[in-house]
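For reference, the chains in residue letters:
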Amino acid sequence: MTADRTVGVSPEVQRRLYELMTLMKAADDRLSKGIASGELQCVYWPPRGQEAIAAAMGVCLRRDDQLVTNYRGLHDLIGKGVPLVEIYGEMLGRQTGSSRGKGGTMHIANPECGVMLSTGIVGAGPPVAVGLAMAAQRKGLDRVTVASFGDGATNTGSFHEAANMAALWDLPLVLLCQNNQYAEMTPTEHTMKISQVAHRAGGYGLPGVRVDGNDPLAVVAALTEAVDRGRSGGGPTLLECVTFRFRGHYFGDPMAYIPPERLAAALEADPIPRFRSRLRLAGICSEADLDEIEAAAVTAVEEALTAVLTAPGALVDELDRDVYADPRNCPA
Amino acid sequence: MTMREALNLALDQALAHDERVFLLGEDIADPGASGPTKGLSTKYGTERVLDTPISESAIVGAAIGAAMEGFRPVAEIMIMDFIGIAADQIINNAAKLRFMTGGRTSAPITVRTQVYGGIGTGATHSQSLEAWFMHVPGLKVIVPSTPRDGKGLLTSAIFDDDPCIFVETIRLGPQRGMVPVDPGFSIPLGEADVKRPGSDVTLISYGRGVVEALGAATQLEADGVSAEVLDLRTLVPLDVAAMVESVGRTTRAVVVHDAVQFAGPGAEIAAILQRELFGRLSAPVERVGARFVPNPAPPALESQVYPSAQRIVAAVRRTLGLESAKTGAHG
Ligand SMILES: Cc1ncc(C[n+]2csc(CCOP(=O)(O)OP(=O)(O)O)c2C)c(N)n1
Ligand SMILES: [Mg+2]
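Those sequence lines, one after another, are chains A and B. Note that our numbering gives residue 52 to position 52 of the first sequence, counting from 1, and the numbers run on in steps of one. Note that our numbering gives residue 101 to position 101 of the second sequence, counting from 1, and the numbers run on in steps of one.
Keep in mind that the hints were calculated from the coordinates and are not lab data. Fair warning: there could be bad hints in the mix.
Unchecked claim - Straight-line Cα separation of at most 20 angstroms, EDC-like style, residue types lysine to aspartate or glutamate; simulated pairs:
no. : chain 1 : residue 1 : chain 2 : residue 2
1   : A       : Lys193    : B       : Asp27
2   : A       : Lys33     : A       : Asp253
3   : A       : Lys139    : A       : Asp253
4   : A       : Lys33     : A       : Glu303
5   : A       : Lys139    : A       : Asp170
6   : A       : Lys33     : A       : Asp228
7   : A       : Lys193    : B       : Glu5
8   : B       : Lys38     : A       : Asp253
9   : B       : Lys96     : B       : Asp162
10  : B       : Lys38     : A       : Glu184
11  : B       : Lys43     : B       : Asp182
12  : B       : Lys43     : B       : Asp88
To be verified - The following label-pair restraints were derived from C-beta to C-beta distances:
no. : chain 1 : residue 1 : chain 2 : residue 2 : range
13  : B       : Pro180    : A       : Gly202    : 52 to 62 angstroms
14  : A       : Tyr250    : B       : Gln219    : 33 to 43 angstroms
15  : B       : Arg275    : A       : Pro83     : 48 to 58 angstroms
Ideal placement from N, C-alpha and C gives every residue a C-beta, glycine not left out.
If we strip away everything but chain B, and leave its shape as in the complex, we get (with noise of 0.2 angstroms):
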């Protein structure tokens, strides 16, 4: 099935099998709904599957209070780049009511939702914003790049007792992948997965990088270069012991995203590696991250902003010291 339906069979699951699950957010209930709640307004109801106006903050607001009183409400936030209106109920209500009550109160909604880009909307529809989320303590972060942990780590995220934020892609809304229907299923969040074994180099990953990493590692295969993919699926909790592993083997690290590249995730990932590989890095980590500029409306721009399985080869070679480091200023 596509990630698309991957997505509603875990709000289908979550809202069938727990009283408390409700969704609320822009659109989604039918007939106007498109994305991954089409369909369950009118299995669940309006009571279940709420459209509300446009009220970002009061979406994700509402959503806290419900979860305080212990609903397991799913708020949406139509496009990532509108969460700036919704941040203030995110990071200092969600993220820190459990801290600053003592573990009195707590927040566990999870926010779901999907970053544009690719698809010539222009700036103020494409950003990946998933690093200021990572920046705040009490928040998880989780970005899934294929429809099985798209449904997995929906169902983990919903019933996770802290505050979620889910982001889809939607470039990969269509992407198939088998993916099991049990309801039980699901996966635990902080947990890395392998998505390509290899030996030479460890590209790290997530979303839709994971895409174009799995792109580049078949690229390099006829190099003769071996490079594994390791899928980070969530950025909070971040599973440092899944890295360490790979990348000591490996002994070489390339952080792909479409985040901004400057300070984006992969920052900090360079930083863990380097602290606890220091010494057994055959080259310095790389990353291969969005260009620093707004996003560019017109696809022949856009294009050179977001990497490319050529700029993660280019960068895998800069650690095989097989091209020039100068030639790679941004990855």
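The shape of chain A in the complex, shown without the other chains (with noise of 0.2 angstroms):
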């Protein structure tokens, strides 16, 4: 996990990790904000802290790859490219949501950008991901699925009947599991007796392997030969990136269940700072540089934002649409 994984990955390629982390360290730290102050009104289940994991999947990923992930969704949707008027106009109602606000914060969804499904229901998106990728291999496409997901979810059903049925079929699949270490107000080490989730891969014949969830490097390493390893026909791969999240199960969450050492030595392994620090350190990135990324990050999200809110809201006529393809079906 403390290997040093720097080589390989060219200096623009980790700038724009940085990039990215900051944009989605700035696009919460906004929503937060409002959210706190009254400003903005919408559930939000914060991803601060997991930003490594996201910016790895911008980078090592193609846009017609695909991903299927879930309500803790900003920084992944924000790694895959959904423009930030679509991501905040679906979480607050608007009309430039992507699904013209009716959808709502758990259930963002851009195909273009390959975000084919987001869900609310924990352990709902491997499945998913698994036809997806089914979907990709009878088409003859080298495209990879990538099922984003927490550690709470590999105790469903869903996780353990989709990862056998991926390595059953070879399928080009990562299993990309975030482990925040806990699952809602619950620590992962009461849900389950293994250590790692990786190990979970064994029992389906696929390989299992965990790295360090807030270096973006490690990630992009492990990433990329799990990708790799899809496209080329080698099948799925279990990933788990090991992180925290910052601000809780929801946003507002008081977090008492959390240790304060526990969440003391999380905060202290911040992926930004440190990567932050890494950037000078190896020469890739001036602190002019570096204070220019952050900037723009906050100029970009200040900008969607003003655009979200003036944008109008979500329309009544709204519901009438979208619930068969034809309205003409639903009972009067």
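Dock chain one against chain two, each of which comes alone in its own frame, and use the hints as you go.
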């Protein structure tokens, strides 16, 4: 977990990783500030602290590679290139939202960017990712699907059924577990006997890899290997990225169930300042470069939010749209 | 006390009174618990208030197995939308064991679950799915509307000899009311309750719908219309006698529920009323349920989906011939 993986990731890609991470953080910070002050009203499950994983997806996946994520998906969506106006718009119920505002925070999709599904039901994503990967295989495409989920999701039957099928059929799938050490208010060690989620892979005959999810370069290295394996017909990988969620389960979570020393240690390992100093020490970015990247992220977020807040709210007409292909199928 | 406190008290007293009772579910133990189970693991230990992995199917399955061996497990499915994952255990095991084994085994479990909705969480965290379980012979379905009923009915469910689906409603959690603290207090399953007497129309409801119905009744009173509010409290067993008695008197009925109107519990109720009271009804039975649409997340849209006092008043006016039936396709 501590091996230096800097080798092999170009300075441009490292810079890009930092840009993505700062954008994810800025998007989270602004939303958090707005909800806390009452300026913004929406439900929100913050991924603050997990940015390195999503940024790695951002640089390792092609636009046509697909992603299935969940309610805690702000960072994943940004990594996969979903425009912020669509994400914020959907969270805040505006017409600029990815579903014109009616799906809400938990259910964001953007097929053009490869984001096929975000699920509110824990564990519901991996089986659908199996189907997406199966479709790529049948169509003869070299596309890879990533299913992103939490540690808690690996306790669902869905996860196990999907892992088995993916291995059985050698599917181009990455089962990417963002192990943030808690499922809601319950620490992971209270819900599984094994010490690593990655060990679950052995039961299904697929490789299981565990990396420091707060180290973007470690995630890039492991994810590159998993994606290459999938793309070249080598089958699925279970990739466990160990991280933490700094704001608790939902926005406003008082986190009384997290021992203060555990939270302090996690904050100490915040991936963003850590990667920032690494970039500077490696001579990849100057202090001025880094400041500029951070300022650009804040500006991009402010612009997106302004666009969203000046956009009209979701239309009541939306209630009659998209229930069926043909609205006449709705009972009167 | 609040509904949440009333349910907590019922669980607390059941745990205190009977060694066979234990609770299992996600985030139900302290310090993570925030709902009706709060404080109970501290009081009774984590052997009797078990935090489980996110494994709904095994939560209910394990409850069934333990119940077959004489325990009285209370399983929690955090939000009703997740019950689909446990549905196989509920509908194919719990509901049918007694019958399939000729009475040699049974599964007297209680599955507590909670309906979200009205809080902006979107289509997969807001559904009222009680009609699914009404449709499966062998299950009892309970939906309380007041803290008193919550306590009395939960106590009955836990000690009932059949599997019970006990549906709580997040929007009713903070609601206050008088609750008997006597551990012996319970309310028999299958007894409806008149929450407000009236003579012109009967509003038949359960759960959160009762609150809307009472609001509508107050508005109607100002217009000189006397509405009776009948709270079914349990959907299975269904108190047909109370429904028929009330509607027989008022000759008009409006069924109100947060569940989707189409093929919802109101369909069964309306069918029973027209059969029992054919010729005595002054108007067709009206229904006011949720619109036939996955719940939208924005509050402005979501509020269009559920029954409101306004929609109920409009339905009542239709039964009184004061408003054209055409205006109320959705009740
Ligand atoms: C099937 C199901 N059960 C329970 C829940 C409630 N719930 C939402 S998030 C969550 C914890 C999930 O933990 P994990 O998979 O580790 O993801 P994290 O939230 O930590 O990112 C739970 C129990 C749910 N949404 N779906
Ligand atoms: Mg987690």
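Consistency of the hints with the structure:
1. A:Lys193 / B:Asp27: holds (17 angstroms)
2. A:Lys33 / A:Asp253: holds (14 angstroms)
3. A:Lys139 / A:Asp253: violated (44 angstroms)
4. A:Lys33 / A:Glu303: holds (16 angstroms)
5. A:Lys139 / A:Asp170: Holds: lysine 139 of chain A and aspartate 170 of chain A sit about 15 angstroms apart, inside 20 angstroms.
6. A:Lys33 / A:Asp228: violated (39 angstroms)
7. A:Lys193 / B:Glu5: violated (34 angstroms)
8. B:Lys38 / A:Asp253: holds (16 angstroms)
9. B:Lys96 / B:Asp162: Within the cut-off at roughly 10 angstroms; holds.
10. B:Lys38 / A:Glu184: Holds, at about 15 angstroms.
11. B:Lys43 / B:Asp182: The hint holds at about 19 angstroms.
12. B:Lys43 / B:Asp88: violated (33 angstroms)
13. B:Pro180 / A:Gly202: 52 to 62 angstroms: holds (55 angstroms)
14. A:Tyr250 / B:Gln219: 33 to 43 angstroms: holds (36 angstroms)
15. B:Arg275 / A:Pro83: 48 to 58 angstroms: Holds - the Cβ-Cβ distance for arginine 275 of chain B and proline 83 of chain A, about 56 angstroms, lies within 48 to 58 angstroms.
The structure is inconsistent with the numbered hints 3, 6, 7, 12, although it conforms to all the rest.
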